[in-house]
Every structure is written in structure tokens, then in C-alpha cells.
Amino acid sequence: MQPRRQKRLVAVLLVIGLLTAAVGSMLYALQQNIDLFYTPSQLVEGLGKDKIKPVVGQRLRIGGMVVEGSVKRDPDSLKVSFDLVDTGPLVTVTYEGILPDLFREGQGIVAQGTLIDATTIAATEVLAKHDEEYMPPEVAEALKGIRHVPPSQQGDVSRQNSSDNSTEGRY
Amino acid sequence: MFKWLHPYAKPETVYHLCGRWYPWLMALALLLLLLGNIWGLAFTPPDYQQGDSYRIIHIHVPSAIMSMGSYSAMAIAAFIALVWQVKVAQWSVLAIAPIGAVYTAIALITGMAWGKPMWGTWWVWDARLTSELILLFLYLGVIALSGAFSDRQTGAKAASLLAVVGVINLPIIHFSVEWWNTLHQGASITKFAKPSIDPSMLWPLLISILAFKVLMLALLCLRLRTAILLNEQHRPWVKAMAGEE
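Sequences listed follow chains A and B, in order. Residue numbers 10 to 180, in my numbering, belong to the letters of the first sequence in order. Residue numbers 11 to 255, in my numbering, belong to the letters of the second sequence in order.
Every clue listed holds true.
Pulled a few chain B residues facing chain A out of the computed Cβ check, cut under 10 Å: (1) D57; (2) Y58; (3) S63; (4) I67; (5) F89; (6) V93; (7) W94; (8) M128; (9) H194; (10) Q195; (11) S198; (12) I207.
The set of hints was computed from the structure by calculation and includes no laboratory data. Quick caveat: nothing in here was measured; it's all calculated off a predicted structure. Just so it is clear, CB atoms sit at the ideal spot from N, CA and C, and this is done for glycine as well.
Could you build the full structure based on these sequences and the hints that come with them?
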């Protein structure tokens, strides 16, 4: 290889190497801030090596699975409360508003709100998180034994609440 | 070692090669695009959870894959242009940038349209969405930088450097869903694991991905030919060809 080209090659590789190191260490330093949400165990047990717990009154996002049977709705308003779980402790979320179509018990949820006490969050926004699995309803029923109601056919709020993950749901 | 590559550094050879390939690539791309998208959008079964809304995956995933694929191609061309100073490689960088930018924009827009009904929001600043948006800005930066100098050569060089440097963003986009917790779900198709998408939905998706790839190559041929003519307009072979026609 010509010396001139070699010099340019080394220079370009050096630039890439240095920049990769810079970006890498930056992302490493920001690691906890890049996470979109706390998981319930992170919220209760603390985050990272230093076990930093969020303080009461802090605005944050929490993400986890809605615990089966934990959804309680106020019959007279849009108020709803449910528990979230990942591997260990439960965290309660209260919310007033319209939940996304995909919201159901057993579903992954990301809620944004204010920490009221150690394990309660008053949410201002609830988002549904779905997984990367896609399959036709028949396959899902055969594989997982669950029969989901398509969002477009979901009935009123109370029906949606009771029929999810049960076999009576119409499909 | 790379002696066999040398003819392809010559603009005239590349011009004719692209001219020969373009109609075939374009025809194949349109055929695959029609097949993959019509099959995917109209004839696949609905998803067990998302119903018909998931069908946008047949546009969202191919364009997202090709937004990163185009960037890799652009960065490799830029690397060759910087180190070996091959002119055709330099023009390829500027030929690929707008194609990749459009793919990125399609991926972002279809992603937002999918996120609203399923997640409940158009946009959230999670790692995947943000890094993909940065990819769009990188493409726009490459395009803007190449035009920011009165000397076309200097502009192309600066744009190439930005393209090479921006390659750091690609692994960040790819692994963002694994490194951090995000609202965006993980990958459905990975090289080593069994795809977590049912075969009846997977095949049209794979065809669409291939279609977007071939379309990118076809558009690259078209744009590279124009770029070669523009940059070589005073060369005898262009003049001879112009005289002929």
C-alpha cells in the first residue's frame, strides 16, 4: 500500500476509534438516564450499584406487567388502579383517563407519573408495550391457550376488564 | 489482491454497468414490492393481539432495515473515498444519502402511525426512536454538508467524513432495545434465533425486505449514473456519447 494511503487509512481509523471510545463512555455514563422507565424491582430496591431510589414526588416512568386481577375501576369515573410487576415487588399505579386499546391484565405497560409513596405512582399517561411476537389468533390459541379480543371488537370498559385472558371472549 | 476491482473504479465502466443493471433491478424491485406488499397488507391473517394494525410492519420493518443498510453502504463508500480516493465511491456517498434519508423518514412515519393506536402515543423519547431520528439527521447532515462548500470536491470530502463517523450510530440503533429498556419491542427476525413471527406473516415480510433492498440498488444505479455524467461532463467519453445520441 502506498505510504500516503496508509497514512490516510490510519488517520480515518484513528478518528473512528477515538469517537467510538468517546461515544461509548458517554453512553456508559448516561446508562441509567437512557433507560425509558424504572422496573418495579428497580423502583423498590434501587437502581444500579449504588441502589439509588427515586424520591417521593419525583416524576418518572414505570414499566412492568399488569398483575392479573389487580385492575380496579371506579364505576362512576375514569379512575383506575392496577399493580405492576416484573420479577419481585408490586407497584401500584393510579390513573384517570382512557387506557390504550392494548391495555389488559398480563400486558406490558409503561406509565408516566409522580411517585406518591414508595410503591405508588399517580400516572398522567399510560402506554401499552407489546412484544415482538406476531401470530394469527388461531396459532395464539393453540400455542398459548389464550383467546384475545381484537381491539376493534372490544366491548365497553367493564366487559373488556372481565373477559381478557378468559375463554369466553368473543373473537 | 484487489486487482480485479480496478476496472470498477473507472467512471465510464461503472456508468455502463449501472445502465445495464438498472432496468433489471427496477423490474425485479417493482415485482417483489407488489408481491410482498399486497400479500402482506391484504392476504396475511390478522395478529392475535393487534388485529389488522400490525400489517404496517410490512412497510415499517423493511424501510427501517434499509435505512441502516443504506447507511452501511454509504459509510463503506465514504471510507473507500477517503482512504483510496476513488471518485466513483465519493459520488456513491452523495447518491445513497437521499435514498437512505427517505427510507429513514418512511420508517419513522410508519412507526409513529403504528405507535399511536398500539402504544397510545405518536412519539416517545426512548433509545430506539431517538437513535433512529439521529440517523435521519445524519443523512440530512451528509446531504447538507456536501452542498455547503463552493468547491464540490471539498464538500464531498467533508460529507464522507461525517458519513464514516456516523457509523457509530448503527450498533446503537440495533442494540438499543437490548441495552436499555425501551417502549419499542425487540427484534422479531434475528440471524440466529427462530423468528418470533408466524411463518404466514414472515414470508411476505422477507419478500418486502428483499424488494426494498433491490429498489435501493436500482435507485442507486440511476442516481450514480446521473452523478457520473454530471462530474465527467467535460471528459471525452461523455462528449463522444453525447455526440452520438
